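A.B. asks: So the chains spell out like this:
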Amino acid sequence: MPRRTFLEAIRDAQYEEMKRDDRVFIMGEDLSCNLFGTATGLADTFGLERVRDTPISEAGFVGAAAGASMVGARPIVDLTIASFIYPALDQVFSIIAKSRYLYGGQARLPLVLRAAMFYGNANAAQHSDRPYPMLMTMPGLTVIVPSGPCDMKGLMKSAIRSDDPVISLEDGTLWTTKEEIPDDEDFLIPLGQADVKLEGSDVTVVAIGGAVRHALNAAKTLNKEGISIEVVDPRTLAPLDRETIVRSVCKTGRAICVDPAHRTCSAASEIAATIVEEAFEYLRAPVIRLTTPDTHIPFSPPLEKGLYPSKESIIRAVRKLVGNAALES
Amino acid sequence: MQENLQDLSIEFLRRMMRIRNFENRAEMLHAEGEIPGALHTTPGQEGAVVGACMALRTDDYMIGTHRSHGHPIAKGANLKGLMAELFAKKTGVCQGKGGSMHLSDFSVGSLGETSIVGSGLPVATGAALGTKLAGKDNVALCFFGDGASNEGTFHESLNLAAVWKLPVIFFCENNGYGATTPVSEAMAIEHVADRAAAYGMPGYIVDGQDIRVVYQAVKEAVARARRGAGPTLIEAKTYRYADHAVNMGRVLRDRGAELDQWLKRDPILLFEQVLLNEGVGNDVIAELHAEVEAEVEEAISFAKSSPYPDPLEAFDHTYIDRVPIPAGFKVGL
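As they're listed, the protein sequences go chains B and W. For the first sequence, this note's numbering gives the first residue as 542, with consecutive numbering after it. For the second sequence, this note's numbering gives the first residue as 1377, with consecutive numbering after it.
It is worth saying that the hints were derived from the structure and are not from the lab. Some clues are possibly wrong.
With a straight-line Cα cutoff of 27 Å, these simulated DSSO-like cross-link-like pairs (lysine-lysine) come out [said to hold, decoys possible]:
1. K1541/W / K560/B
2. K1512/W / K560/B
3. K1680/W / K1466/W
Here the structure is a predicted model, which is why all the values come from computation and not from measurement.
Produce the entire structure from the sequences given, and follow the hints as far as they go.
C.D. replies: Next comes the structure, spelled out in structure tokens:
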């Protein structure tokens, strides 16, 4: 199996699906120059009609993707950075999420919106957003936040083949991570299915995007202390696979929700609420959310660094939950 | 005109009458409490709406606005599904999910009637992109109002369509007001059509009360789009006799003499006069009135006798698959 980076996984998924289906095309800013490295060789292979550079016009081209999808095309929109979705939100919320519903099922909108969450890199408050919680609140959208190259590719391919609109928010802290990916053109990971990344018995850590890596690293350290962690990655945040999360917590009796988004109404909040509602009698300790506090992302690296959940903050939270706080140095 | 003028003219009149009659009756039924929600009517604008739609093929695409009743009727939709939708019934064209602001019949080429001002322009642009990429020759026409031309999406869409030479017709129903605000208070130029120049596309002003003029202008824009020469902006100068929405309990703006002037140029009355002058008999026109009236009454009976949707259908069409119904969800009011 070839080892590919997160960015190469996105590129490969797009390449394979464009090759498989003529109706798939990509548009976005500076695509033909492969600005972000997710379109390597695509313009040369498929031409500039199907790998389409756009003016800086997010509402225009996101809405155009909606229209194109309604007449049978299957657009992928590369929004580059996640906060660039904001100028297009009316199109996302009023058209893309609602057209199928409003018109009683007459419309189909098979499209994908992609954007990188570019946090942790000294890009300040406007370029560091992790906006998936806001998108989760809108029915009709499927929202994926993959945690590694393999999931990225399999979920992206499913997203492109889906007849529902899918938004892929791609964690920039994972861009250079590498994984072996099955060499199969029909390698698909189903939308709406969580994955247990590590089995364990003492604490369930539900982690999102880049936080999954931190959870797995924390588990290694904690394992040496005799604490067994189960790491659950929802992978798709909307619709959320509540069943897998609840099943895990029923087994472990403890839960930590790790989410790089801001705390209020975070994905972690929804997951924690679900656990409390559906697994209350199994809980041996309060559910903990580890999130980014409700302040903006600053430019200065020393200011920014401590804000996000980390391996260390997960370890601290787990020790607190299992009553091993004394191990805290 | 090359088409059979007589047949086409009768159809012009029939569809204008359908819209007028459909809305008159809908307004009464709304007042009687039979139709829930808001109702935005379009009396006075029928010439612009029908003239534009009849210049399209059935498989050409169209997207409209919250003032949605006229567009599907003009494009040839059956009145039963439209009226049943106003009545919020299962047999409605949107199965009771859309209502008055979203009367959209995809079987006649509609891609939606969207009630957020300006939101349809990028969609029409994208539909044109989709057909172009698929190598088809369908065009897309976007209805929007004078108010929408001040939204960012108007400018982004015209620019995109022009730079990509897309087969789209941007059709502005300039009825003089954005809700209650006069155009003169909303923009510093007189004509929406003048904005076309900024995007490198032709912009035309037409008399929206003269259906043949509208039809001809759109026909030419459609031909231009179909041969790959790109988009056109057409501004129909028209007028809405009714308030922004019906039965709001008070007159929002007294338009006095201005309204009287426009009523004298009613598109239906003007066109009936044209046909009479051309030798069409009074009896033909009277017959047409009766035919349309019967058609609308039949649609009302259909709507009244149709069932409401099952409450569990609230969970359909959010996604392709029904969303899970919460445990303990109780149906009914």
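A.B. asks: Can you confirm whether the C-alpha distance between K1512/W and K560/B stays at or below 27 Å?
C.D. replies: 21 Å, holds
A.B. asks: Would the pair K1680/W and K1466/W pass a check requiring their Cα atoms to be no farther apart than 27 Å?
C.D. replies: The given pair, whose Cα atoms are some 11 Å apart, holds under the 27 Å limit.
A.B. asks: Holds or violated: K1541/W and K560/B, Cα atoms, limit 27 Å.
C.D. replies: Between K1541/W and K560/B the Cα gap is close to 26 Å, so the pair holds against 27 Å.
Every hint, counting from the list given before, is met by this structure.
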